[in-house]
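Undergrad: Residue numbers (our numbering), protein chains in the order written: chain L, 1 to 638; chain F, 1 to 164; chain C, 1 to 100.
Note that these hints are calculated values from the structure, not bench results. Because the structure is a prediction, the values reported are computed rather than measured. Possibly wrong hints are sitting among the right ones.
SDA-like mimics (lysine to any residue), calculated; alpha carbons at most 20 Å apart, straight line [unchecked claim]: (1) C/LYS26 with F/LEU92; (2) C/LYS87 with F/ILE75; (3) F/LYS135 with C/SER55; (4) F/LYS109 with L/PHE638; (5) F/LYS109 with C/ILE2; (6) C/LYS91 with L/GLY616; (7) C/LYS96 with L/ILE609; (8) L/LYS608 with L/ASN597; (9) C/LYS91 with F/ILE22; (10) C/LYS87 with L/LEU617.
Stretch-level coverage of chain C by chain L, calculated; a stretch enters the list once three of its residues show a Cβ under 8 Å from a Cβ in chain L [as the list claims (entries may be wrong)]: (11) 12-24; (12) 84-95.
All C-beta atoms, glycine included, are put in the ideal place defined by N, C-alpha and C.
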Amino acid sequence: MTEIFWLIPFIPAASTLILAVFGKNLPKKYVSFQACFAVFASFVIAAISAVGLLQTAHASYPLVKNLFSWIQAGSFQANLSLMFDPLSAVMALVVSGVGFIIHVYSVGYMADDEGYTRYFTYLNLFTFSMLILVMGSNLVLMFVGWEGVGLCSYLLIGFWFEKHSAANAGKKAFIVNRIGDAGFLLGILFIFIHIGSAEFTAINQAISGGALSAGLATLIAILLFVGATGKSAQIPLYVWLPDAMEGPTPVSALIHAATMVTAGVYMVSRMNLLYTLSETAAQVVALVGALTAVYAATMALTQNDIKRVLAYSTISQIGYMFIGCGVGAYAAGMFHLYTHAFFKSLLFLAAGSVMHALSGEIDMKKMGGLRKYLPLTYPTFLIGAIAIAGVPFFSGFFSKDAILTKAFAQGQDSAFYYFIWGLGILGAVLTAFYMFRLIFVTFHGEERIDPEIKKHIHESPKIMTIPLVILAFFSVIAGYIGLPVVLGEKLNFFGKFLEPVIKEVHEVHLSLQTEWTLIAVASVVALLGIFIAYVFYIRSPMIPRNLAARFPTIYKLLFNKYYVDEIYNAVFVNPTVKGSEIIYDNFDLKVIDGAVNGTATATGFTGKILSYFQSGLIKDYALIFLLGVIIFLAYLLF
Amino acid sequence: MGYFLFFLLAALTVGAVLAMIISKNQAYNALFLILAFACLGGIFALLEAPFIAVVQIIIYAGAIMVLFIFVIMMINVRYGIPAEKKKWTIYLSIVLAVVLIIELILSIKGAFTLPVSTAIIKAGPTDLGRLLFTKYLYPFEITSILIIAALVGAIVLIKKKEKK
Amino acid sequence: MIPPNYFLILSVILFVLGSVAFFVKKDLITMFMSIEIMLNAANLAFITLARSANSADGQIIVFFIITVAAAEAAVGLAIILLIFRQKKTIKSEDIKLMKG
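Excised from the complex, chain L in its bound form (with noise of 0.2 Å):
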């Protein structure tokens, strides 16, 4: 049955045709039903897939199906061709399970909607780009995806383009993407000119067999990492994803939470012998995932708009898979990766049900007290802020520690790791309070509710709270298949599955002891971030007022989110809008309408000339071709 799992892809695709080519004559109900169901049929046979790649033997991983030649120029080849290995099946599963979560939780969210079957369509497309990113056999065709994603991004962030914000950050995604892009195809481009392929097997075999220098091996895993940071929002090309909250709700948790952020995370461990050969890379890698983790979690602390603190905190929570990444636990990153795309999305959804409830308020100060009104909502809600926290027994407690864990371990090598690892530490207390500091304006406290919305307050309908309760599951449960190995090797199923793809390295052990240490920190760097966000927002909530006014600069600092797109659009962008703006008034204006008007001047002026010639008398032409034949029989004859 493993041999059908290309489908998975061309199912979404089908969906989409269908639904642009047909959409506006289609009912609401049957649009809804195919898309979801689309969704669905991949997750099925992905699962299916999935169980068939378990039984099949570990020498013929990855899977790969070739479709057609896509590209063959010279000695450049790509295939359109679908792989499957671990690493895609866990990706394919996260995408489509979590996306048809997201699908089905978006026919109650968008159901007033003008746009809902270009919702839908958009939203199916993004499926298929997202599973052609995680199958590609090769880097182009991943690149393709890649590119997929990033315009189905922009279409649904500026999905609301009537509004001028949600087109302006649509466009921003767009163009940071680009810049990371740009790295990325450099990297590609390296990758093909000094190995001669694209394809992830070939591509692999090279660097085993010692094809790459290691200067070489560091320059391109750096180009890609560019690249990974443009989509995976981190340092320096985070700024788009903040912004990108203006979409509807569910696209923050599909896309900007769930699967297409975390790609760059993907790619890097899709690409992990490179990274291996690199440790320069690799600790850049993780040095910019553990500055992102904290300096996300920071900016998280004072903003006041609940999906820009989700935002935020999507930031981090990648950093903290580039950590992974970075310090060589490959697994362990995309074991975050996969835990977080539940709570995470979880934690949209619940917010995206409370702003339902609240009429589309976005603005916690105008919230509080609403534990009462939302009797679903809230404790999903407090679930996914007690899996991303990091309390023990929850995913996120899992994943967050196997990864701090591994970066630990690597700190008996170079004290550079034990840095990484204080960051990573720092952040979790951070992350801890900041989500409970939502929680707590949230859902307890005085009620602030404008009392026009209080009227109209109400729980979600049935069909957007039972995906948050079935991710709530999830967000519990879902750690339970990568134990610690402290806890004995073999309950790390997710590490094992990984295994024939990732090659863990530097195995660096830990004794039983500092594990269990690390473990005891791990929870009460949690615990304490929670009762940190408690004292100050629930029993004294003096406190962060007069923090505040104590430290007018860091609060504004941090209220501003360091100035940072201030200071992008001094540097970058406005010296790029005069430079154009002088080039249009002296080279376009002048020179290129100057060449233009010339030419076209030129152009009557010979017209004008050559039109005496058309008299219209027939006689008049009928001399000048008897004149022609003269000269033409003058040339034969002499």
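Since the structure of chain L is provided, determine the placement of chains F and C on it from the hints.
TA: Okay, now just chains F and C, sitting in the frame of chain L:
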């Protein structure tokens, strides 16, 4: 006998054409032309091309010229149209005609030395028919399409648009 | 037998007379007739040379020329008729719709 016939027919042809140039009446013009074409048909016969000679007389002097006469009748311009006023283009065209005649004679100079062919050629209707349906089959068929197209085209052009 | 150059010279004379007639005459119908004369001059040259070359192919060409001339005459005369209907004239100098 051959020379006599040739000069007679040639003189008639050239004379008819000259008369056509001088005459101002379109109907006379057409009749002169019929005379010229008929005489040319005779000259074709002198060249041992009996089939073409007959076709010339039937189609050219007959069918095509009848068409002309019909159109002349339909247009029915009662007054004679005077010859072109002395416009510089006319002089130029006559000069060019002189140049052309010199050039053409120069170009057929090579044929002057051609020997008189006495061989008997097979160019009867049977032989032409065989050639048409073997070697020239495709051009022949294409010509038939051309004629159909011309027929349809002429009818479409002439048809008066029905008033709504 | 009559040598071919006699026929060829007759052909040249007819052709030039035809072209002169085209420029001298004023009405479209007679101008059109001059074109027929030129066509016939060409036919004569074809048949003469075919005779010299002892070949029947030249006659076939003439046959085609006559056919095409018939088609051309039909369409040409239709156009002349149409022009006359619209402009009520067949004087060539009055017709300059295409003046640039």
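Undergrad: Given the hinted pair F/LYS109 and C/ILE2, is their alpha-carbon gap at most 20 Å?
TA: 16 Å, holds
Undergrad: Does C/LYS87 pair with F/ILE75 here, judged by a C-alpha cut-off of 20 Å?
TA: Roughly 12 Å separates the two Cα atoms, so the pair holds.
Undergrad: For C/LYS91 and L/GLY616, compute the direct alpha-carbon distance and say whether it is at most 20 Å.
TA: 13 Å, holds
Undergrad: Within a Cα-Cα threshold of 20 Å, do C/LYS91 and F/ILE22 meet the stated pairing?
TA: 17 Å, holds
Undergrad: Would you mind confirming whether the straight-line C-alpha gap from C/LYS96 to L/ILE609 stays at or under 20 Å?
TA: Holds, because 18 Å separates the two Cα atoms, which is no more than 20 Å.
Undergrad: Quickly compare the C-alpha distance for F/LYS135 and C/SER55 to 20 Å and report which way the hint goes.
TA: Measuring from Cα to Cα gives roughly 13 Å; hence the hint holds.
Undergrad: Against the 20 Å threshold, does the CA-CA distance of C/LYS87 and L/LEU617 hold or violate the hint?
TA: 15 Å, holds
Undergrad: Is the Cα-Cα distance between C/LYS26 and F/LEU92 20 Å or less?
TA: 16 Å, holds
Undergrad: Under 8 Å between beta-carbons, do enough residues of the region 84-95 of chain C, three at least, approach chain L for the coverage claim to hold?
TA: holds (count 3)
Undergrad: Checking C-beta pairs, does the region 12-24 of chain C have three or more residues closer than 8 Å to chain L?
TA: holds (count 3)
Undergrad: Is L/LYS608 within 20 Å of L/ASN597, Cα to Cα?
TA: Answer holds: L/LYS608 to L/ASN597 is near 16 Å, not above 20 Å.
Undergrad: Mind checking the alpha carbons of F/LYS109 and L/PHE638 for me, to see if they're no more than 20 Å apart?
TA: Holds - the C-alpha atoms of L/PHE638 and F/LYS109 are around 13 Å apart, at most 20 Å.
Of the hints listed earlier, there is not a single one the structure fails to meet.
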